[in-house]
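Student: Spelled out, the chains give:
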Amino acid sequence: MSDRTLTLAEAMEMMADAFNEPLENLSPDTDRDSVPGWDSMGALMLIAELDERLGLELQADVSREMRKVQHVLDFLAAHGALSA
Amino acid sequence: MKPALPIEKTARLVARALGVTPLELDEGLRPATEADFPAVVSLRRQVLRENLGWDDEAYLRWRYQFGSPHLATCWVCTRGDEVVGMIGVEALQVSLAGQQSSLHAVMDLMVRPDLDGCGLGVWINQAITHRLTQGLTSGLTPGLTHSAVLAIGSNPNSKGVVARTFHPLPDRRSHTHPLHFGNFMAKRLSHPWLASLASSVVGAGMGLLRVALLWARAPFIQVEQVTQLGPEVERLLARSRRPDRIEVMRTTAGLTHRLLHNPRSVSQVWLARKSGEVVGMVAARFMRIEGGRLALQLMDIVLDPQSERAALSALLARVTADGFRKGAEYLSVTTYDPQLERFFVAPLFKRQAHEYETMAWVCPHDALRQAVEAGAGWSLFDIHTDRDQT
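These protein sequences, in sequence, are chains A and B. Following my numbering from start to finish, the first sequence increments by one per residue and tops out at 77. Following my numbering from start to finish, the second sequence increments by one per residue and tops out at 576.
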């Protein structure tokens, strides 16, 4: 569990940064396939962001299963890192 | 665009994911040995799966140090006894105004599928680039100092890695010449008989254009297909070098291996002669495109500057005639030389933008970097990629 949290807006900004995607193009429903920057580099950047900001380890198999932005938010929530 | 992570940070995250230390991760990246061959074959089988439609063992022995001669070095990333990733590295000698520089092209990056997503591919790219640009592989490559590292082309998964690990250069530029119009017309005209008629008419028109713009421009040039490259080609290679262009050096031995011995896809090599002397060479290969159709791809072009237009016209006339006869839908060529591209224009050729004809590099050589920033062309063609599909 993380002792630090992000708001929803901060989480979305984090993903926009990691995937090099304009924030306005991302919503919880956004599919991974529609985000060009959510490739192997984007996945690594997300791993780094989660590590740096929240001290969370995102494992490769979990990362691969994330097909939507919502799945990242679910991961954050499951680790107590998404504030209401 | 946010740059890639520093290599130290990537190494820490990837090592954590693999359950090793960053030092173990680094020490596990090395040139493959013969003992690694079965594991490399297995890795590629896991990654390529149903797309593996060729004899990959023969291909690996042709391309990499598992066979001799070869074109490139296969590096493996290991975790203990396991091979968890690989990358190909091809050494290229380039010359600009007589000044030689060392350059390596990276290709064929693969990561074991169960490790996909942990950043291993990114780290392998960063680590190889770091070692080559810092001259840290000199023990393995005698005489190597600091090398530039080039990434020619990309795919949906590597484009982001390339964009953030390397400095982007202008894209390579592709041009196509249509040979048969059947498929084109069938998509646009609902009646098959009308599509067939239109295809014949337009095809005939394009044939006449080829006669007028290719055949007629090279009356004193003889063209023949060859299966061996000898001293006359060596002389052509020497004459073809231009002081204003970054010359990617070739040898006849290297071209023979690359073009004529590829187990996945042998090229046709055509020579143009004027008064008995070879003044031009093109290599072309047939490839399958969607729907099982055939296309023709120019792999290399070498021209004597004194006979450039005539030689290229003659060669294109013969290559397109052969492609037409064998049912190729189009001829394509991808170049990186503005001077040469003047020939690939309308009405015969159309510029075809491709999302993945990217070029990017890390270059420690000031003179080379400045020349590229000033827009110098390269004698770089598809023989310098690993696109070997049949």
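What the hints contain is simulated information worked out from the structure, not anything from laboratory work. Among the hints, a few may not be true.
Stated by the list, open to error - Derived Cβ-Cβ restraints for the label pairs, each shown as a range:
no.	chain 1	residue 1	chain 2	residue 2	range
1	B	Gln285	A	Ala70	38 to 48 Å
2	A	Asp(-4)	B	Glu236	42 to 52 Å
3	A	Asn18	B	His256	40 to 50 Å
4	A	Asp54	B	Pro491	38 to 48 Å
5	A	Asp44	B	Leu480	30 to 40 Å
6	B	Glu210	A	Asp(-4)	27 to 37 Å
7	A	Met(-6)	B	Glu194	48 to 58 Å
8	A	Gly48	B	Ala532	54 to 64 Å
9	A	Asp44	B	Leu209	50 to 60 Å
10	A	Ser27	B	Val531	48 to 58 Å
11	B	Ala439	A	Gln63	29 to 39 Å
As the list claims (entries may be wrong) - Calculated pairs, SDA-like style, for lysine to any residue (alpha carbon to alpha carbon, straight line, at most 25 Å):
no.	chain 1	residue 1	chain 2	residue 2
12	B	Lys373	B	Gly513
13	B	Lys195	A	Thr23
14	B	Lys195	A	Asp10
Where a beta carbon is used, it is the ideal one built from N, C-alpha and C, also for glycine.
Student: Now, for every hint given, state plainly whether the structure supports it.
Tutor: Quick rundown of the hints versus the structure:
In this structure the hint that Gln285(B) and Ala70(A) lie 38 to 48 Å apart at CB is violated, the actual value being about 59 Å. Checking the proposed 42 to 52 Å range against Asp(-4)(A) and Glu236(B) shows it holds: the Cβ atoms sit about 46 Å from each other. Range check, Asn18(A) to His256(B): about 45 Å between beta-carbon atoms, so the 40 to 50 Å window is met. In this structure, Asp54(A) and Pro491(B) break the distance hint of 38 to 48 Å, their C-beta atoms being roughly 56 Å apart.
Here the CB-CB span from Asp44(A) to Leu480(B) is close to 49 Å, at odds with the stated 30 to 40 Å. For Glu210(B) and Asp(-4)(A), the Cβ-Cβ distance of about 30 Å falls inside the hinted range of 27 to 37 Å, so the restraint holds. The hinted range of 48 to 58 Å is not satisfied by Met(-6)(A) and Glu194(B), whose Cβ atoms lie roughly 27 Å apart. About 59 Å separates the C-beta atoms of Gly48(A) and Ala532(B), a value consistent with the hinted range of 54 to 64 Å.
Range check, Asp44(A) to Leu209(B): Cβ separation about 19 Å, and the 50 to 60 Å hint is violated. Remark: the range hint 48 to 58 Å for Ser27(A) to Val531(B) is contradicted by a beta-carbon distance near 36 Å. Checked against the given bound of 29 to 39 Å, the beta carbons of Ala439(B) and Gln63(A), roughly 57 Å apart, lie outside it. With a CA separation close to 18 Å, the supplied pair Lys373(B) and Gly513(B) stays within the 25 Å bound.
For the proposed pair Lys195(B) and Thr23(A), the alpha carbon gap of about 28 Å is over 25 Å, so the pair is violated. A distance of roughly 17 Å separates the Cα atoms of Lys195(B) and Asp10(A); the hinted pair therefore holds under the 25 Å criterion.
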